[in-house]
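A.B. asks: Sequences listed follow chains A, B, C and D, in order. Under my numbering, the first residue of the first sequence carries the number 9, and numbering increases by one thereafter. Under my numbering, the first residue of the second sequence carries the number 1035, and numbering increases by one thereafter. Under my numbering, the first residue of the third sequence carries the number 2, and numbering increases by one thereafter. Under my numbering, the first residue of the fourth sequence carries the number 4, and numbering increases by one thereafter.
Honestly, the hints are just simulated from the structure, not real lab data. C-beta: ideal position from N, C-alpha, C; glycine also. Any given hint might turn out to be false.
As the list claims (entries may be wrong) - Here are the simulated DSSO-like pairs of lysine-lysine, each with C-alpha atoms no more than 30 Å apart in a straight line: (1) D/K6 x D/K242; (2) D/K90 x C/K38; (3) D/K90 x D/K6; (4) D/K10 x C/K43.
Unchecked claim - Some chain B residues close to chain A (C-beta under 7 Å, calculated; not the full set): (5) R1087; (6) G1123; (7) G1127; (8) D1131; (9) F1140; (10) F1164; (11) I1240.
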Amino acid sequence: MSQGSLSRVFLALLKRDLLLAFRHRAELFNPLLFFVLVVTLFPLGTGAETRLLQTMAPGIIWVAALLAAMLSLDTIFRSDFEDGSLELLLLNAHPTSILVLAKVLAHWLITGLPLMIIAPLLALFLGLDQDVIGLLVLTLLLGTPVLSLIGAVAIALTVGLKRGGILLSLLVLPFYVPVLIFATNAIEMAMSGMPVTAQLWILASFLLLAITLTPWPTAAALKLSLS
Amino acid sequence: MMSLEVRDLSCIRDDRILFSDVNINLFSGQLLLVEGDNGSGKTSLLRILCGIRLPEQGQVTWVRQSDDQKSSIAVHGQESYAGEMAFLGHLDGNKLDLSVTENLEFSRSLALGNNNTIKDVLERVGLEHFDDLQVSNLSAGQRRRLALARLLLSGAYLWILDEPFTALDKKGIAMVEREINAQLEQGGLVIMTSHHSVSFDNDKVIKLSLSQ
Amino acid sequence: MKEFFYMGGYGFYVWSSYAVAALILIANIILPIYQRKSMLNKLTKQLERAEQLK
Amino acid sequence: MMKFIHKTASPPYFYRLSGLWIPWLGAITLLLLIAGLYGGLIAAPTDYQQGESYRIIYIHVPAAWMSLFIYMAMAAAGAIGLIWRIKLAETVAVCSAPIGAGFTLLALVTGSLWGKPMWGAWWVWDARLTAELLLLFLYLGVMSLYVAIPDKRVASRAVALLALVGMVNIPIIHYSVEWWNTLHQGPTVTKFDKPSIDMRMLLPLLIMAVAFKIYYVWALFLRVRVELLERERNTQWVKELLHQSKEA
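Next up, chain A with everything else stripped away, as it sits in the complex:
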C-alpha cells in the first residue's frame, strides 16, 4: 500500500463520518447542550457569589467538558458496530490504527470543537477574567482531543456490550484526571498572573502521546469486541 492511498483512505473515512454527522444535525447539539446545562447548574447550586464562581470557573467548565466528552463517546463506534461496517473497517489492507485515528478526529471535530467555541460564552457567565479566556480555549484545544483518544480505547472495549454506561465512566474518568489537573491548573495560575508555559507543554505532550499510543489498543480492542 502506498502512502498516497493511505492518506486517501484517511480522508475518505473522515469525510464519510462528517457527512453522516451532518445528516444527523439534530444530534450534533446534544453534547453541547449538556455542557451548557451542567455549567448553568453550578451557580444555582452554590449560589451566585461572584468571587466564588470566579475561582471555581476553570474547574466547573473543565469538569462539564469532561462529562460532555464522555457522554458523546458512544457515538464513535456504536452505529458502525450495529450496521456491520465496523467489520469492514477492520478487514482491509489498511492499518486499523490509522482508520481509528480518522474516526476519532471526525468525532472530535463533531463534539470537541463545538465545546471549544461555546466555552468563552460560559466563561463570561461565570465571570472568568477576560484575559484568561483565550487560555481556556487553548487548554480545551489541547485537552479535548486527548479525551476523545483515550475514550476511544474504552468505548472500543465496551462497544459490544448492551449496557456499557456506568462501566464506561469507570473505565474512562481515572484516565482523564491528568488532563483535568493540568488544564485547570494552567488557568488558575494565569488568573494569579503566573507563567503557564510548563502546563501547556505538558498538555501538548499528553496530546502527542495519546495520538501515537492510543490507536493501537483501540484497534486491538475493536477486534476483541467483534470476535
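Dock chains B, C and D against the given chain A, drawing on the hints supplied.
C.D. replies: Below, chains B, C and D without anything else, positioned relative to chain A:
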C-alpha cells in the same frame, strides 16, 4: 494461484467446543460450502477464516503461488491478507444515511480495487436505478444486493460469504450464483454458508459439514 | 497488657486498622476456597447428569 | 525454554503444582505475619512524634506497595497472555485484580484511620491517598469489565489490554496528582513515608512487605485454581479430576 490452508482448527464459544480438528485445503477456482445445523459454529468458522476471531487452536494460512515463488502468511493480524479477502456477514455493512453510490465510493477507497466501475456493478446486481437513493429507503433485499456490489468492487481473490442469499428473491439468488461462478471462473476462491440448496458444478465444490 | 491495647490513646485507630486488614486478607483466602468447593460440587453433578444421559 | 514455559503454564500441570504449593505458601505467610506483627506491635519502640499511632504503617505502607505491585504484575501477566496467548497468564491477570483491589482498599482505610488523629479529619486530599483512590477506580474498572463481557476468553483479553493501558497511565496519573497537590498546598507528610532509621522499626516493615508478597501468591493460586476449573470444565483433565475426587 492462491490457496487457503487450514490446519487443526478448533473453536470454543462460551465454554462449548463448537468444532475441532477442522482441516481445509482450498485452491483457486474452488468453492467451500460449509454446512451444519444452527449453532454448529458456521458463523464462528467464517469469522475465524476472515481473521476477526482468534481460533482456540490451529492455523489458517494464505498461500500465494506464482511460477517461481511461493509465499505464505498467517491470516490473523495480517493486513495484506485482509486486503485480498472480502467478507459479507449477517450484517450488510451499509451506512443507512448514505446513498447507494456514496456507500460504494467509500468501500472502493478501502479496497484494493479492480477495473469495475460503480455503474457496472450496480447494473450487475440490479440496482442501477437506485444509485442516488439513501440506503434507508431500500428494501432488505436491495440492501443485500448493495452489499454484494461491494464484493464486486473489492477486487478480492477470496470471498467469504455468510448466508449471502438472506432476504433475496429468486432473481437475486440467481444473480448471486452467477457472480459466484464468475468469481470462481476468474480463479477466485469462495467460502460460504447457506440454508438454501445451491447449484454449482460439483467438481468445483468442496463440502464441509460441522454437525457432529 | 492494658497499656498494649490502649496504644497511648490511639488504640481505636490502630486496632481498627489491624482488624480491617485481617478482614480483607482472610476474605481473599476463604472466598476462593469456598468457591472451589462449590465449583467442584457443581461440576461433579454436571458430570453425573451427563453420564446418566449416555 | 519456551517448551518448559508452555508445560508449566498448561492448566492441568499448574493446577496440580499449585495444589502442592498452597499449604507451604500459607504456612510461610502466617509465620512471616506473626514475626512482622510481633516486631511491629511489641518490639518496635514508640515514635517520639506520633506516639503509638505510627504502628498503622506496618499495614498501610506494605498494602500501598502491594496495590501498585499487583497492578504491575497484572499488566505484565496480561501482556504475556496477549503476546504468546498463554491461557494461564490471562487467568493470572484476571485473578490478580480483586486481590489488588483489596490491598488498595486496605491502604485507603488505614490511611484514613491514621489521618484522623494526625490531621483531625477522616479524609484529606493528600497526594498519596488521592492517587490510591484513583488506583482503586482503575481496579474496579478492570473487575467490572471482566464481569460485563460474557465470553470469558474475550473478557480476559480485554482485561489484559485495559491493564496494559492503565500501566502506561499510572505514572502519569501519579505525577499529575503530586503536582496538583504541591500547588494546592495540601498536607504533605514525609514522616509517614520514611520511618525512622531505627532498625527495630524498619525491620518489621520489611518483614510485613515480604509477608504480603507471599500472601499475594497464595491468594492468587487459590483464585487461579477456581478460575481454571470453571474455564476448563469441558476438558479431559477436569473430568478425570472429578472422577478421582469422587472415588476418594
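A.B. asks: Hint by hint, note whether the structure agrees.
C.D. replies: Against the structure, the hints:
| no. | hint | in the structure |
| --- | --- | --- |
| 1 | D/K6 x D/K242 | holds (25 Å) |
| 2 | D/K90 x C/K38 | holds (22 Å) |
| 3 | D/K90 x D/K6 | holds (15 Å) |
| 4 | D/K10 x C/K43 | holds (28 Å) |
| 5 | R1087 | holds (4 Å) |
| 6 | G1123 | holds (6 Å) |
| 7 | G1127 | holds (4 Å) |
| 8 | D1131 | holds (5 Å) |
| 9 | F1140 | holds (5 Å) |
| 10 | F1164 | violated (18 Å) |
| 11 | I1240 | violated (23 Å) |
Of the numbered hints given earlier, the model fails hints 10, 11; all others are met.
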